[in-house]
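Asker: Sequence:
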Amino acid sequence: MVNSAVSSTMAERLEELGHISADRLRLSPAPGTATVDDLMDANTHRKPLCELIDQTLVEKAGGFQSSVVAAKIGSISANFVSPRRLGFVVGADGMFRLLASTVRAPDVAFVSREQLPDGKFPAEAYPPFAPDLVVEVLSPGNTKAEMSRKRVEYFHSGTRLVWMVDCVNRSVAVYTSPSAVRILNEEATIDGGEVLPGFSSPVADFFADLDFGCE
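For the sequence shown, the numbering used here gives the first residue as 1, with consecutive numbering after it.
One thing to keep in mind: the hints can contain errors.
Lysine-lysine pairs mimicking DSS-like chemistry, simulated, CA-CA at most 27 Å apart [unchecked claim]:
#1 Lys120 - Lys72
#2 Lys144 - Lys72
#3 Lys72 - Lys47
#4 Lys47 - Lys144
#5 Lys60 - Lys47
#6 Lys144 - Lys60
#7 Lys72 - Lys60
FRET-style restraints, in silico, Cβ to Cβ [as the list claims (entries may be wrong)]:
#8 Asp41 - Gly198: 37 to 43 Å
#9 Asn185 - Thr44: 38 to 44 Å
#10 Asn185 - Leu49: 25 to 31 Å
#11 Ala208 - Pro178: 27 to 33 Å
#12 Glu16 - Ser112: 29 to 35 Å
#13 Arg84 - Ala208: 31 to 37 Å
#14 Val181 - Lys120: 31 to 37 Å
#15 Gly198 - Ala145: 33 to 39 Å
#16 Pro122 - Glu12: 33 to 39 Å
#17 Ala145 - His45: 39 to 45 Å
#18 Pro117 - Pro140: 37 to 43 Å
#19 Ala22 - Gly119: 40 to 46 Å
#20 Thr33 - Ala145: 20 to 26 Å
#21 His156 - Leu49: 19 to 25 Å
Keep in mind that the hints were calculated from the coordinates and are not lab data. If you're wondering where the values come from, they're calculated on a predicted model, not measured in any experiment. Note that CB positions come from ideal geometry on N, CA and C, so glycine has one too.
Input sequences plus hints: build the corresponding full structure.
Answerer: Dropping the structure here:
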């Protein structure tokens with residue numbers, strides 16, 4: 001009976017997290033009891049990278065291909081942002097505390113200078129604000145429900161633009177709200193909208209490194 005109750009609780013937790021795989025759930029500390037300090041300890045001493053979601057440590061889904069694409073997008077974005085001193089671009093190690101019990105690690109994120117206290121980098125390991133632009137590169141371990149939940153959290157916390165990048169179809173879903181979306185294929189050009197005015201890039205450039213050595 002006890003084992004059945006535990007299984008039921010675990011199944012409910014996985015459903016709440018977006019029907020993710022059970023092997024992404026850290027069981028110590030027990031789901032629902034983890035703190036920001038636990039997250040910091042987990043990410044310091046053990047891989048893969050974890051996020052804190054509703055006081056639960058969840059391993060971030062990843063893959064080699066998605067990592068290559070994320071690095072490329074980060075580079076393209078930084079090449080626009082840095083010379084103009086618009087703010088900064090961070091990778092997945094740059095984490096954001098969206099809620100008291102939730103810390104997210106977007107694959108790439110842009111934070112405008114306006115968000116920075118006195119124009120300086122935040123002192124906290126997990127600054128308590130949402131990035132202006134979030135980029136999530138889909139990995140095989142991600143689920144639709146998981147990514148939908150992420151979008152809701154980001155926009156609720158103040159994010160203004162989300163790019164969901166699909167390496168398989170080589171497309172980008174551009175969200176200006178949790179449900180307002182337009183899909184850009186490899187032949188399209190993506191822009192920064194009101195978040196990064198003046199920025200534009202061929203979508204194909206995001207995936208260019210996947211063709212390395214194919215010619």
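Asker: Each hint needs a verdict: does it hold in this structure or not?
Answerer: Hint by hint, here is what the structure shows:
no., hint, result
1, Lys120 - Lys72, "holds (26 Å)"
2, Lys144 - Lys72, "holds (23 Å)"
3, Lys72 - Lys47, "holds (22 Å)"
4, Lys47 - Lys144, "holds (24 Å)"
5, Lys60 - Lys47, "holds (10 Å)"
6, Lys144 - Lys60, "holds (15 Å)"
7, Lys72 - Lys60, "holds (19 Å)"
8, Asp41 - Gly198: 37 to 43 Å, "holds (41 Å)"
9, Asn185 - Thr44: 38 to 44 Å, "holds (40 Å)"
10, Asn185 - Leu49: 25 to 31 Å, "holds (30 Å)"
11, Ala208 - Pro178: 27 to 33 Å, "holds (30 Å)"
12, Glu16 - Ser112: 29 to 35 Å, "holds (32 Å)"
13, Arg84 - Ala208: 31 to 37 Å, "violated (23 Å)"
14, Val181 - Lys120: 31 to 37 Å, "holds (35 Å)"
15, Gly198 - Ala145: 33 to 39 Å, "holds (35 Å)"
16, Pro122 - Glu12: 33 to 39 Å, "holds (35 Å)"
17, Ala145 - His45: 39 to 45 Å, "violated (30 Å)"
18, Pro117 - Pro140: 37 to 43 Å, "holds (38 Å)"
19, Ala22 - Gly119: 40 to 46 Å, "holds (44 Å)"
20, Thr33 - Ala145: 20 to 26 Å, "holds (23 Å)"
21, His156 - Leu49: 19 to 25 Å, "holds (23 Å)"
Consistency note: the structure conflicts with the earlier hints numbered 13, 17.
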